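Asker: Protein chains in written order, with the UniProt record's numbering: chain A, 1 to 407; chain B, 1 to 407; chain C, 1 to 407; chain D, 1 to 407.
Each hint should be verified, as a subset may be incorrect.
Copies of the same chain look alike in the list, so a pair counts if it works inside one copy or between any two.
Claimed, not checked - No more than 25 Å apart at the CA atoms, straight line, and that leaves these computed lysine-lysine pairs for DSS-like:
| hint | residue 1 | residue 2 |
| --- | --- | --- |
| 1 | Lys-8 | Lys-327 |
| 2 | Lys-292 | Lys-187 |
| 3 | Lys-324 | Lys-8 |
| 4 | Lys-404 | Lys-15 |
| 5 | Lys-396 | Lys-292 |
| 6 | Lys-43 | Lys-211 |
Hints listed in this document are in silico derivations from the structure and should not be mistaken for laboratory results.
None of the values given here were measured: they were computed from a predicted structure.
There are 4 protein chains.
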Amino acid sequence: MNFNYSEKTISLRKKLTAFFEENILPIEEEVSAFNYNPDNRWKRWPGMEDLKIKAKDAGLWNLFLPQNYGELSPGLTNLEYAPLAEIMGRVLWSSEVFNCNAPDTGNMEVLAKYGSPDQQKMWLTPLMNGDIRSAFLMTEPQVASSDATNIETSITRDGDDYIINGRKWWSSGGMDPHCKIAIVMGKTDPNAPRHQQQSMILVPMDTPGVKIIRPLSVFGFYDSPEGHAEIVLENVRVPKENLILGEGRGFEIAQGRLGPGRIHHCMRLIGMAQRSLELMSQRASERIAFGKTFKDFSSIRQEIAQSRCEIEQARLLTLSAADKMDKEGNKTSKDLIAMIKIVAPNMALNVIDRAMQIHGGKGVGPDTPLAHFFVAARMLRLADGPDEVHMYQLGKSVINTYAKNKI
Amino acid sequence: MNFNYSEKTISLRKKLTAFFEENILPIEEEVSAFNYNPDNRWKRWPGMEDLKIKAKDAGLWNLFLPQNYGELSPGLTNLEYAPLAEIMGRVLWSSEVFNCNAPDTGNMEVLAKYGSPDQQKMWLTPLMNGDIRSAFLMTEPQVASSDATNIETSITRDGDDYIINGRKWWSSGGMDPHCKIAIVMGKTDPNAPRHQQQSMILVPMDTPGVKIIRPLSVFGFYDSPEGHAEIVLENVRVPKENLILGEGRGFEIAQGRLGPGRIHHCMRLIGMAQRSLELMSQRASERIAFGKTFKDFSSIRQEIAQSRCEIEQARLLTLSAADKMDKEGNKTSKDLIAMIKIVAPNMALNVIDRAMQIHGGKGVGPDTPLAHFFVAARMLRLADGPDEVHMYQLGKSVINTYAKNKI
Amino acid sequence: MNFNYSEKTISLRKKLTAFFEENILPIEEEVSAFNYNPDNRWKRWPGMEDLKIKAKDAGLWNLFLPQNYGELSPGLTNLEYAPLAEIMGRVLWSSEVFNCNAPDTGNMEVLAKYGSPDQQKMWLTPLMNGDIRSAFLMTEPQVASSDATNIETSITRDGDDYIINGRKWWSSGGMDPHCKIAIVMGKTDPNAPRHQQQSMILVPMDTPGVKIIRPLSVFGFYDSPEGHAEIVLENVRVPKENLILGEGRGFEIAQGRLGPGRIHHCMRLIGMAQRSLELMSQRASERIAFGKTFKDFSSIRQEIAQSRCEIEQARLLTLSAADKMDKEGNKTSKDLIAMIKIVAPNMALNVIDRAMQIHGGKGVGPDTPLAHFFVAARMLRLADGPDEVHMYQLGKSVINTYAKNKI
Amino acid sequence: MNFNYSEKTISLRKKLTAFFEENILPIEEEVSAFNYNPDNRWKRWPGMEDLKIKAKDAGLWNLFLPQNYGELSPGLTNLEYAPLAEIMGRVLWSSEVFNCNAPDTGNMEVLAKYGSPDQQKMWLTPLMNGDIRSAFLMTEPQVASSDATNIETSITRDGDDYIINGRKWWSSGGMDPHCKIAIVMGKTDPNAPRHQQQSMILVPMDTPGVKIIRPLSVFGFYDSPEGHAEIVLENVRVPKENLILGEGRGFEIAQGRLGPGRIHHCMRLIGMAQRSLELMSQRASERIAFGKTFKDFSSIRQEIAQSRCEIEQARLLTLSAADKMDKEGNKTSKDLIAMIKIVAPNMALNVIDRAMQIHGGKGVGPDTPLAHFFVAARMLRLADGPDEVHMYQLGKSVINTYAKNKI
């Protein structure tokens, strides 16, 4: 475990921080206000494409992708990327500026790792260029989708095509007008062994039968322009070449997709928590009640101290998971990945909640990023499987480890 | 402490439950969908007035008001009203149907207790009839308003008028097209002793100088049609008769207003939590993952058992506060009122959060009332003063009690 | 739910409080010091018998027993007894003074409810007189005894006798020189239906084959003179008349025994917590650090405020369970009894722990009752079944209730 | 932050683990039983000196001391020592075997850093040889000693001597028959500036006027043979050369002493927690209730998963503090040191408590190390200042940091 920043990271952090100060923070409120305005729902903030070009020009592009894809990505390790993702977490809409936003990142990884050359050319290239966006259609309303064997969408071979039927929801990004392609998880063979029933297939969003039913709100937020879509797939027909990796490989791809995505989410959560800590520290230094500045109340100091402790621990844990993934691969690191998935969202919720409370009414309203941070973090206790599923598996693994080595 | 239901309560509970089953639950989703639709923002659901007539006809009207106002209210005690408020808490928008919605209830109490006959005729009567709605302008963005001595809005005598200047926010109900009157808290004399600087004054919403700046979102919710308004008062001139009770009496009125309002909020929170418990129990009995129905996971049973324990304790505490208020008055009951104000929102947040988690993505989305419950409960950790203020005062009171009686 | 004190309770509370002030508190430290001194281990404090006579003379005797046994008990309801048990909880060794100490109370109830006239004459009378003490041999080291069907001790009929073999531990009171009789739970028929395998039988402590292996410490405490014994039963032979109620009735007796015992434990826990709150309030009013008296630190006020809230809620819940037991019986009240069993020990641990912390080193040492309170409360998260077992059953019951009544 | 083990650490860990397996674990219960037996109170387990020789021969001696003292210590960095201290934490009495036990470690550091050559020859050498033990007399019963400026013991110059008067308690190690020397904190000049009033002075335990009043129990444990002593210093006269560093330097020495000591304590706490996790995993894999092995209850898996997460985070945080101390010194690292002081004991208490609960009655009794671990960890929430003091200072520091750098 060597968490010292590499030269590359040091240089990119400096650049990224400067970019934030120059190009992101000054317009933070303007972009948020645009996105929150119901009149703009599912419209993209007009300045986004220019900002993306600036970021690309600054070499702050596709930072997430561990492989080097020529000039399109710097090929950072997870450990190198982690502190950069933390910075992006400080402003919710900023990841897209650097082409580092979910679910595109995960989808790009899937295509980079498992896609055929044709699939890569067709979809990976424009995604890496930031020309289009994508969705990942996994969760279904009718079943507990965190147990992926429950998933019911059918992918049925018909001549040279597959026909897809099912209902998906919480398809993040699905409302974005730039969203052109979806990766869909479904069953090609319900009679195969439990972990070989599922496959993943590429479905262009404009394929007939793809019906966006409605956007889902999270608490009251719609997260425009990406949104979270409920989508019905009704006799959706795509060529057989759209299948990724092969029939029955869906579970395997899902596993491969999740590790890095979790690191990214967790680092962004740490960024949210860190910024919340800073905001509450500033509030504490200014606000007065009952004749004392907030910072002189011991209870407020305790909350800030606790938050500092929790953030730093989660940060170290995430770095250690990133490091292990880099060195030993995702599979060996699965316990550590489960650990950060359990720890980071709950840590962030605790910290953000304290920050909201110290801000009073302002904290739950639109004038700070806190309420939206909270909702984003709350959702991440569910996305990619609720805490409980990860604890269920981690607990089993820990018990097995120590039950064998009696002391 | 005798918490047995009175005959009156038993009969009203039966009626209210029947009313819910017949008139509220069947249209719950329709009304919510109307209110959430941005196209309807600040419009009232068209069926509301008819529903109110039905409720009035059923004798389910103004249940909250402890005094008897002829046929307009049944004159329940706090203890009698509490279980009815709990039922109303089960559906967020339902209180208005029975003319029992905040902040109107508190405003009516202020007018009933402290209003002059003219003030009562002008504003209390139409409020009790449900013909208009009202706002309470207390909190200010610039100061920690939970320490009411901080409030800066000025109320200056000028001949036979008062002139009001200041900025208020979180004025709940202020966006409602039916909102016709506001009670404004401000300083008539900044040089008076600390608790005699403040006064309350009636300001019709259409008075020149009353400017609604914007609606505030809570997390992402706008709570249409009531909303939470930011309002600037700029040289707002009202006749001197609009002052309530007298100059320097604002603090005294605020104190008198808060007790019952807290009981109402707390009972509604218990209703939200109770419904969340029921929803999660039903979910647990149906959903399957990893080969087991949720109800057979010990961790899920624990969450449901914990929730049941927490709800019942908060319910008993609230009943005991209501009972004490009825028998000994608000002032003697201040510690107990502080206790439920601390306990109920946090209890509700815990229970609702568990219910959301058990519902997975559905729990944070628009298809259950859970996310909105959560936000409502979260706000009530701040409304009428954050937890911390109540703990600060309660802690002091407890220490003083026991420091004197050494053991 | 009418929690008002009855005349009887008011009068007894007054008497009991006076007795504490006169006879218990002045010697509290002396008795504790005697009991903690290893030289006195398993010796009874010499003044105890005199104190018991005083209490008996004052009519403060066998207050716990819901039936009236002539002059030996006042026949209080659970609701009437609860506030008296709370007072006794304030001094750990005081219950015995009033013949209200576990496990004798539970054993007396078993004999009173289920004992034959001969069994009652032989054992109930001297127990009610306070002439002897008793033990309850239930828990076994080899199995999870909270699932009573696991219990392995055998009770085998042999002519006119039963022969008992097994190993029991955590037999509280088993080290006391006055302990003369044990009620033993064991299997008379391992092949009977699951809940009819167990029986209870009376075993005089001086029966050959009853071997006290060792006293168990709880954390570092030995709880002399009662202690917690590990006991081996080796071919212990008693006459068949010692069986209580009949073969296979053990489970039924256990159920009947537990309800009131839990109320008693919980009320004592509330007494411990209440006293801890008072001690920490006094400490907070006196101690100074960093230029401030503890009571002026908002964090300390918060802890005291929280404690007050938690105690009062647990108190109300326990009273409501007592009330329901009185009116509807133990069986109908089982959910409420489970709830207080879950709530009270954890509440007490939280409160006591905060009190210890505010006391600094003094709080974990021998100069306050806090550390011993903590250990007693910690043990009560396990005694009569760990929290988890009660949550497991309560959770199931709640789910079943609400799953049926869909909303 | 490079937490990879150095060659030295890897080799020492291997040796230390082997030593544990060969020499510590096989006699763990024997030594504990000896120490718990009241007949042996304040006697040292007879095999200890032989074990110490073995450890010294194995090169496992004075591992804690960051400086190299010739053959007496290997001169490890804090980061190198941390994983070794973790192993020692697994058996409470084992640190002494390696001459790594508090408070001797801290005292040796003080003498090594600040002692005069004569003081070092007289006391450091025998301490490093393990020939004697020592005490540290800081805490006083009458004042909140965590605010060191409160300390009242007087150290008054009288000719060539100092005369010391005061009352100290919680002097760990003070009961040990090998304890020969104490470092005493007291005031040489009550009128000096606040942080220059205090000095530290060496007081041989056999100096006239040093009166051991009593041993203090922690919960019920006496921690024989070291114990925690209450000591009165009555006109204790020592030569002026016994003063360490100079008058008014006490605070400075205290600061220098605390950093490494906290790392040691925290690493041992992590060892306790880790072992508790292993014990509970084993228990979970074996015990059966309600027809299921504990490991198949989701709630038990959750507790184990949570524990794993908490331990790993605290471990990383402690390593990062050790690393920073090595590289940047104690002063710059004070926030991180405060953080581990806050985090580690609470983490350990949570984990140990869960482990106790899973063990049922066995968990709070004498048959596992858990109850003693719990008490040791509980005490460490108070030793060297309660959590609250560290949060008070850390909170202030964090607020100051971020209040300046506005975002």
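Asker: For every hint, state whether the structure bears it out.
Answerer: Here's how the hints hold up against the structure:
| no. | hint | in the structure |
| --- | --- | --- |
| 1 | Lys-8 with Lys-327 | both (18 Å within a copy, 23 Å between copies) |
| 2 | Lys-292 with Lys-187 | between (62 Å within a copy, 21 Å between copies) |
| 3 | Lys-324 with Lys-8 | both (19 Å within a copy, 23 Å between copies) |
| 4 | Lys-404 with Lys-15 | between (49 Å within a copy, 22 Å between copies) |
| 5 | Lys-396 with Lys-292 | between (50 Å within a copy, 14 Å between copies) |
| 6 | Lys-43 with Lys-211 | within (19 Å within a copy, 30 Å between copies) |
Every hint, counting from the list given before, is met by this structure.
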